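K.L.:
These are the residues of each chain, in order.
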Amino acid sequence: MSSTSQPSSRAGAFVMALYLAFLILPIYWLVNMSLKTNFEINTTVSLWPNEITFEHYIKIFTDSSWYSGYINSLTYVALNTIISITLALPAAYAFSRYSFVGEKHLFFWLLSNRMAPPAVFALPFFNLYSAIGLFDTPWAVALAHCLFNVPLAVWILEGFMSGVPREIDETAAIDGYSFPRFFIKIFMPLIASGIGVAAFFCFMFSWVELLLARTLTATNAKPIAVTMTRTVSAAGMDWGLLAAAGVLTIIPGALVIWFVRNYIAKGFALGRV
Amino acid sequence: MTLELDHVSLSVRGAPFIKDVSLRLERGSLNVLLGATLAGKTSLMRLMAGLDAPTTGRVRMEGRDVTGVSVKKRSVAMVYQQFINYPSLTVYENIASPLRVAGLRKAEIEERVLSAAKLLKLDPYLQRTPLALSGGQQQRTAIARALVKRADLVLLDEPLANLDYKLREELREELPRIFASTGAVFVYATTEPTEALLLGGHTATLLEGAVTQFGPTAEVYRRPANLPTARVFSDPPLNALRVTKQAHTVLMENGTVLPASGALAQVPNGVYTIGVRAHHLGVEDVATAERTLAGNGLIRLGATIAVTEVTGSESFLHMDMGAERLTALVPGVRRLEPGAPVEVLIDPRRILLFDAEGQAIAPARDAAAA
Numbered sequence: 001m002s003s004t005s006q007p008s009s010r011a012g013a014f015v016m017a018l019y020l021a022f023l024i025l026p027i028y029w030l031v032n033m034s035l036k037t038n039f040e041i042n043t044t045v046s047l048w049p050n051e052i053t054f055e056h057y058i059k060i061f062t063d064s065s066w067y068s069g070y071i072n073s074l075t076y077v078a079l080n081t082i083i084s085i086t087l088a089l090p091a092a093y094a095f096s097r098y099s100f101v102g103e104k105h106l107f108f109w110l111l112s113n114r115m116a117p118p119a120v121f122a123l124p125f126f127n128l129y130s131a132i133g134l135f136d137t138p139w140a141v142a143l144a145h146c147l148f149n150v151p152l153a154v155w156i157l158e159g160f161m162s163g164v165p166r167e168i169d170e171t172a173a174i175d176g177y178s179f180p181r182f183f184i185k186i187f188m189p190l191i192a193s194g195i196g197v198a199a200f201f202c203f204m205f206s207w208v209e210l211l212l213a214r215t216l217t218a219t220n221a222k223p224i225a226v227t228m229t230r231t232v233s234a235a236g237m238d239w240g241l242l243a244a245a246g247v248l249t250i251i252p253g254a255l256v257i258w259f260v261r262n263y264i265a266k267g268f269a270l271g272r273v
Numbered sequence: 001m002t003l004e005l006d007h008v009s010l011s012v013r014g015a016p017f018i019k020d021v022s023l024r025l026e027r028g029s030l031n032v033l034l035g036a037t038l039a040g041k042t043s044l045m046r047l048m049a050g051l052d053a054p055t056t057g058r059v060r061m062e063g064r065d066v067t068g069v070s071v072k073k074r075s076v077a078m079v080y081q082q083f084i085n086y087p088s089l090t091v092y093e094n095i096a097s098p099l100r101v102a103g104l105r106k107a108e109i110e111e112r113v114l115s116a117a118k119l120l121k122l123d124p125y126l127q128r129t130p131l132a133l134s135g136g137q138q139q140r141t142a143i144a145r146a147l148v149k150r151a152d153l154v155l156l157d158e159p160l161a162n163l164d165y166k167l168r169e170e171l172r173e174e175l176p177r178i179f180a181s182t183g184a185v186f187v188y189a190t191t192e193p194t195e196a197l198l199l200g201g202h203t204a205t206l207l208e209g210a211v212t213q214f215g216p217t218a219e220v221y222r223r224p225a226n227l228p229t230a231r232v233f234s235d236p237p238l239n240a241l242r243v244t245k246q247a248h249t250v251l252m253e254n255g256t257v258l259p260a261s262g263a264l265a266q267v268p269n270g271v272y273t274i275g276v277r278a279h280h281l282g283v284e285d286v287a288t289a290e291r292t293l294a295g296n297g298l299i300r301l302g303a304t305i306a307v308t309e310v311t312g313s314e315s316f317l318h319m320d321m322g323a324e325r326l327t328a329l330v331p332g333v334r335r336l337e338p339g340a341p342v343e344v345l346i347d348p349r350r351i352l353l354f355d356a357e358g359q360a361i362a363p364a365r366d367a368a369a370a
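Keeping their order, the protein sequence lines are chains G and P. Numbers 1 to 273, taken from the UniProt record's numbering, label the letters of the first sequence in order. Numbers 1 to 370, taken from the UniProt record's numbering, label the letters of the second sequence in order.
Isolated chain P, as found in the complex (with noise of 0.2 Å):
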């Protein structure tokens, strides 16, 4: 079955939650909707889902147009950020529910249960409550029950937001893997970029409600359509730049002065921002930067440590460039004092170009390679 959202809006008084979204998820496919909290992943799952209906536009299924339609008359299952069980009923029970409400037989009900049970591990826990078990185990409750029930839509709503992080891990291994044989359309909302790169599929980016890019989730990445896009699809924050281009050089915000190379020397004169991922940023002391870097194309940038922050075997160390903050990810621990002058590097094949309305300008085929 396939799920199409066409111009979907939502308003709830006066104020837009969705605006004029527009989707088609595939039969069998792993869709991830990305975007900040409160960017409209939840309203929109909603409108998917049926529990809301769209202020204007159309909700199809297969074809058939479902706007409106009540979600109990729809093949919807849905998993909450929240564990969101039946406390006075048996796990047992709680996966069995949307069968006994269909009506299915005993035994292919205790047969579909037990089967799910098993694959989520869940199999010693059934005649407990939820409420007696940990958060990872009422969250595969959940999940079970969502299973069971094979409907065409699948819905996950942040399911491990509230997890700790090795049953994470394990979880979001299983999850495309239990699903993907049930040729449902998968939806998946997170608010971690790294998420939806290890979830693969297709990825929306939602900000303030509306879809800034959807396409297959590497391609996303590498070559966001727009400034926004990649700003969702980014942590550490994008490093942006506002750069004016003349002739053959780039006058930077900061008033350095640089020759236009890279993507820079093909596009017209203009006003243009230039995104780089933090990790693509590289950083020198001011002497070693002479000594070894002169006339290699980097484009070198003066700006000073504002806080060094040391995660293991990597430092992210937030940078001074004028009135702009740039992040950088860099390999090994670096301790660099604050107010230190430092060489910004920055790879002109690796950096993302927008222009004034911050659109993608077609980027060289290696541009922002991870």
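Only chain G is shown next, with the shape it has when bound in the complex (with noise of 0.2 Å):
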């Protein structure tokens, strides 16, 4: 059994390696030119930095004009994401819990919502913030992007909340609760990896949208990603630098995975697992 096992499981294995090291390349070459001078960048290919260097770091982290994007991203992003849920929640209950005429259909036409390239929206949506003064603010952002994501975070909070037998409701309603204390104190925790992961997905797309954060910010809001895109000078492009964003750009969205690894693959499922 082991004898036969063993060859095919060890070829196994190499795939498995090569292919991780497939995906893992691009991480990598981003991370080794972070810590590479200019200099080396431009005249050798080397495996590793010859001499490790953090200049590009420190000038992010001390030139304003770098990491006020983080700061301006993270900001649209946070509100974005408690917005969404903070909407989603009340909407994704009504949909698990109640019929109503139309049901189906809106709960479908959430989901179309989400079908519709962002592209289509960026020009009314530049007319509209302009005209009441929300142009190049993180609100203006958050609240495009609420567009996309609470139709999403609605999706996977039905699945979640679906998932809770509606005894429990009545019950709390028996025990005399009322319904915002039955909703905080019961209902939430019950719901609280669906939350997780409705936070997630509204993080996701909210960090990595590019089209709407940027037609809709010009210099005080202005995103990380449309940072990073005016970085070409009359000396050319700053590739250390540059890789050094890259790499500061991916660590939020890796943290943010790593806290709802467990339940990701349910959320992918929006819920229905």
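Don't read these hints as lab results, they were simulated from the structure. Incorrect hints may have been included.
Claimed, not checked - With a cut-off of at most 27 Å between alpha-carbon atoms, the simulated DSS-like pairs for lysine-lysine come out as follows:
no., chain 1, residue 1, chain 2, residue 2
1, P, 106, P, 72
2, P, 73, P, 121
3, G, 185, P, 72
4, P, 166, P, 106
5, G, 222, G, 59
6, G, 185, P, 106
7, G, 185, P, 166
8, P, 106, P, 118
9, P, 121, P, 106
Everything numeric in this text was worked out from a predicted model, so none of it was measured.
The task is to assemble the complex, starting from two chains supplied on their own in separate frames and drawing on the hints.
P.N.:
Laid out in structure tokens, this is it:
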């Protein structure tokens, strides 16, 4: 048994290692570049830096035009996640617990919102926000991203909520709980992983979305991704700095993934596992 | 407190779930709702609790009309068939939850929770969460939560259905005792006639959303008012035979003609249904019946064995008589081959007699005595 399974498992491990190397290569190269001097990047090809330098990272953390990009991004991402989850919780509860006219159509329409390309909405948002003075604020981007994130969060949360037996709601009512108290004290802990997964998806979408973020901001609320695309100077590209910024951009996402790693498969199935 | 359902009906999207139910449940009484799955037991309980409002009719508690009053404002406790607890709270907090909401003093909460936990043997598990407990312990937690509340109306919806045999026996004995002292109206839904008989009290038999009879449990069992009640309150299923009485003879569906005896002798000519419980049917092979039973007043019918099931020390014999299927529960191990001809013996004093509309005909005093 073991004599036959060993070679095949070794082959499997080899294929897996190859695949992982393939996946990790660009990230490694990014980290590699971020630690080299621009001179080294432009003149040689090396698998690891000849001379490790942190000058790019230091520049990002000390130059306000750089670090404010991160602050702006994190601000609108956090705002968006909070707004999306706050709005999606009651909506998902309604979809999961009550039947009303057009419920199924409305529910599907929510998801179809998610299918529209963001570019479609860039112009109306730009015009609207310019008119009401929201342009170039974190709120502009946070609210625009709600268009995609609220439906997604509703779908994910509805799946998790439908997994909670309705009898728990009734038992709470029989016990005398008021609805808000039941919802916060009893119900939300039961779908905590769902809230985590929904928040993760909102975070990720908002963090990586570029088009709306760039269209709706100019200088004050400029996100980091936009800062990065505007580093071309007369002296050419500042490769090392860009690579360092890239590494720092990956970190928040990786951190969030780490926290929800156990629930993510369920989240991709929209809670319906 | 008393609970009164006054011509209560419930329809959901035009489909009737509960049909014109009137019941009066007394203070401190134990009431069993007996009916098959989908007979409307849960729907009726939800109406009693106030989780649903009836389409027509009134619900009164202690004479006060509470129709449409939110369940939060009523004094109700309910235990479901599924083990429903708050998974994120400890067993202690689960039991304490209705008291915390009611805003009781801390000392009083602790006292009530601990005494309920002791009664239900949950004291070693108070700091665990419900999902870390066995099914029986989870259901005990739910029962304890219903108990501490000291509600006026306690509804148990097949609380033991998902438990294993031994626990079920144990809890069934304890439950009426635990709640008896509280003076609450106690309602217990079950699908099993045996369970209703073991619990005692009063029984309402339910069929397709209607109560077919309500009365003391033993009374309903012995003297069902109509054929549906007898059918609901019978496990294994009731043997029902349609007969036509003419003068002094009784004509069976399969053509057999018998002399009219027992209760059948006293009724006018017409169509009737004879109900016989499985354990009141005797079965003998033809030769034995000829030899030993001639002229002792038993009704004898020819049938053939369809299936034999032996359950330990008793045997179920399923027999075909013409188009009709009879089931007998006889003592001892009886292995009869399918197709074997047998004589089915019915004691005319033990039959339930129903008229063409299915209403019981005033039975003889000892009819169908267990």
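K.L.:
Confirm or reject each hint.
P.N.:
Outcome of the hint check:
no.: 1; hint: P:106 <-> P:72; in the structure: holds (22 Å)
no.: 2; hint: P:73 <-> P:121; in the structure: violated (30 Å)
no.: 3; hint: G:185 <-> P:72; in the structure: holds (17 Å)
no.: 4; hint: P:166 <-> P:106; in the structure: violated (36 Å)
no.: 5; hint: G:222 <-> G:59; in the structure: holds (18 Å)
no.: 6; hint: G:185 <-> P:106; in the structure: holds (19 Å)
no.: 7; hint: G:185 <-> P:166; in the structure: violated (35 Å)
no.: 8; hint: P:106 <-> P:118; in the structure: holds (18 Å)
no.: 9; hint: P:121 <-> P:106; in the structure: holds (22 Å)
Checked against the numbered hints above, the structure breaks hints 2, 4, 7 and satisfies the rest.
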